[in-house]
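J.: Residue numbers (the working numbering), protein chains in the order written: chain E, 1 to 164; chain F, 1 to 350.
It is possible that some hints are incorrect.
Computed cross-link-like contacts, PhoX-like style, restricted to lysine-lysine with a CA-CA straight-line distance of at most 20 Å [claimed, not checked]: (1) E:Lys-115 <-> E:Lys-91; (2) E:Lys-115 <-> E:Lys-95; (3) E:Lys-23 <-> F:Lys-33; (4) E:Lys-138 <-> E:Lys-91; (5) E:Lys-115 <-> E:Lys-138; (6) E:Lys-25 <-> F:Lys-33; (7) E:Lys-12 <-> E:Lys-23; (8) E:Lys-24 <-> F:Lys-144; (9) E:Lys-95 <-> E:Lys-138.
Pulled from the structure, derived: some chain F residues nowhere near chain E, Cβ distances all over 12 Å [claimed, not checked]: (10) Ile-15; (11) Ala-47; (12) Leu-202.
If you're looking for bench data, these hints aren't it; they were derived computationally from the structure. Beta carbons are placed, not taken as given, at the ideal position from N, Cα and C, and that holds for glycine.
Read off the chains here:
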Amino acid sequence: MWERMYLPAIAKGMSITFGHMFKKKPTVNYPEKTRPFSPVFRGLHVLNRDEQGRERCTACGLCAVACPAEAITMEGAERMPGEENLYREEKYAAKYEINMLRCIFCGLCEEACPKDAIYLSETFAPANYTRKGFIYGKEELLIPNPLTQPEEFAKAKGKPGQNQ
Amino acid sequence: MDWALLIEKAVLISIIIGVSLVIAMYETYAERKVAAFMQDRRGPNRAGPGGILQPLADGLKLFMKEEIIPNSSNRFLFILGPGLAMLTAMMTSAVVPWSSHFHLFGRDISMQIADVNVGILYIFGVVSMGVYGVMIGGWASNNKFSLMAAIRGASQIISYELAMGLAIIALLMITGSLSLGTIVKQQQIGHYYILLQPLGFLIFLVCAFAECNRTPFDLSEADSELNMGFHQEYSSMKLGFYLFAEYINVFISSAVMSTLYFGGYDIPFVNDGALAQHWGQNPVAVLQAVSLFLKVVAFIFFFMWVRWTLPRFRYDQLMNLGWKVLIPLSLINMLVTGFVVLLKLNHWHF
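With these hints in hand, go ahead and build the complete structure from the sequences.
T.: What follows is the structure, encoded as structure tokens:
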């Protein structure tokens, strides 16, 4: 009869809820703190350079073919005689665009590239107001030149397991 | 024309209305924070330090929204509904004694707006009028679901009013007076009435939950079933009025409960009269108001604590509880109290 009034059950339930008030909260106060990511986290793409500062990408198109979402487009161009310090081989990508809205961040382009030219870093894709703003061209994707801008290059390379 | 009295009452009324509104505002904030802490998360902490300015942001959002009045609704009643709900919520605060009295400008200013002899009866009368706010809101929306929710809400309110009244009758047998000021003064001298009337307090507590449409009795809102229930068609400040009226109802119910059963503005374990001799009347009156607020805040926290613990009652379970359980219990309470009071009057022998 005492049990049927539900009061003991209610009191027990209320003590549980009260106890929860003092437990540790799993919420993360973004953007002051961020959750740590693993080193193999697939984030934004970065077009790589080699140690002498030359772009690695040769516009072979293997990443565009490998992409399941057809997010990569490129246009090749021939290297002129005075530009040996800019590009590694005779062909380079004059226009290289990735549509971040189509990209599914699978990493197949990173696996397909024969020149180690593209890899996926640890940053998110930030928000934008227009669809056009999400089509990332070569300027946003290319890693800074290690000879002319060494600090940015080092920062963009980052350490494995660190947020960029 | 006693201008001083008029001015004093006008100032007191505006202060109490202002304080009720501010407390209702911060009750929304407290509700979200308490709910969050009980659910292992943090609650609003972005607007201002620790989220203190969140209610201002909410109020601003409600003001800025578009006022939609459905074409097929009854326009006059549509606008009247929230106003009525707010009116009855505010009117109850007129008879609650917020503190004893201040001694300013050579006069004794009482902190109760109207110390009528029929204080408790007045509260019940006004709360009964609160049904109209719900019903009119549901009817004027011209929406079958709102109407159903409003009917359920109205029937819930009137069923639980009965048990509330009966529980209070037992209390009145002990106090001998309906006026709230007298009840508090009696508790200052004697014991708090929670000790004399535990069952009555329990019944009153359950009925207060039902009157304020709070979980576990909130099927007139039924956040996950009937969408928003009787205030579904409302937008912008009319919705704000309905929500605010509910929070002010919670505040006033807490105040009434602490006045009737927990001694009102009396500071517990302290002899108020002797303290007034020592420190002067005004500081003690301030302390008494603070003590009443602490009791009210404890009750409000209790309201929220129950809300985030218990699941909602089904409609037939709710009616069963109101009519078949609470009314017999309160009748038994009345009989036992009457028996003991008569016995006491007869000097403890038959």
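J.: So if I understand the rule, the pair passes when the alpha-carbon distance is 20 Å or less; does Lys-115 (chain E) with Lys-91 (chain E) pass?
T.: It holds: about 13 Å lies between the C-alpha atoms, which stays within 20 Å.
J.: With a cut-off of 20 Å on the C-alpha distance, tell me whether Lys-12 (chain E) and Lys-23 (chain E) pass.
T.: With Cα atoms ~17 Å apart, Lys-12 (chain E) and Lys-23 (chain E) stay inside 20 Å; holds.
J.: So if I understand the rule, the pair passes when the alpha-carbon distance is 20 Å or less; does Lys-24 (chain E) with Lys-144 (chain F) pass?
T.: With a Cα-Cα distance of about 45 Å, the restraint between Lys-24 (chain E) and Lys-144 (chain F) is violated, given a limit of 20 Å.
J.: Take the C-alpha atoms of Lys-25 (chain E) and Lys-33 (chain F), compute the straight-line distance between them, and say whether it is at most 20 Å.
T.: Roughly 13 Å between the alpha carbons, so the hint for Lys-25 (chain E) and Lys-33 (chain F) holds.
J.: Is the Cβ of Ala-47 (chain F) farther than 12 Å from every Cβ of chain E?
T.: At about 14 Å from chain E, Ala-47 (chain F) clears the 12 Å cut-off, so the statement holds.
J.: Does Lys-138 (chain E) pair with Lys-91 (chain E) here, judged by a C-alpha cut-off of 20 Å?
T.: Holds - the C-alpha atoms of Lys-91 (chain E) and Lys-138 (chain E) are around 15 Å apart, at most 20 Å.
J.: Minimum Cβ separation between Leu-202 (chain F) and chain E greater than 12 Å?
T.: Label violated. Min Cβ-Cβ 8 Å, cutoff 12 Å.
J.: Verify the proposed pairing of Lys-115 (chain E) with Lys-138 (chain E), using a straight-line Cα cut of 20 Å.
T.: Given pair Lys-115 (chain E), Lys-138 (chain E) holds - Cα atoms ~17 Å apart, limit 20 Å.
J.: Lys-95 (chain E) and Lys-138 (chain E): Cα distance at most 20 Å?
T.: 7 Å, holds
J.: Could you let me know if the closest chain E CB is still more than 12 Å away from the CB of Ile-15 (chain F)?
T.: It holds; Ile-15 (chain F) is separated from chain E by about 33 Å at its closest Cβ, greater than 12 Å.
J.: Would the pair Lys-115 (chain E) and Lys-95 (chain E) pass a check requiring their Cα atoms to be no farther apart than 20 Å?
T.: 18 Å, holds
J.: Checking one constraint from the list: CA of Lys-23 (chain E) to CA of Lys-33 (chain F), max 20 Å. Satisfied?
T.: 14 Å, holds
Taken one by one, the earlier hints fail for this structure at numbers 8 and 12, listed in ascending order.
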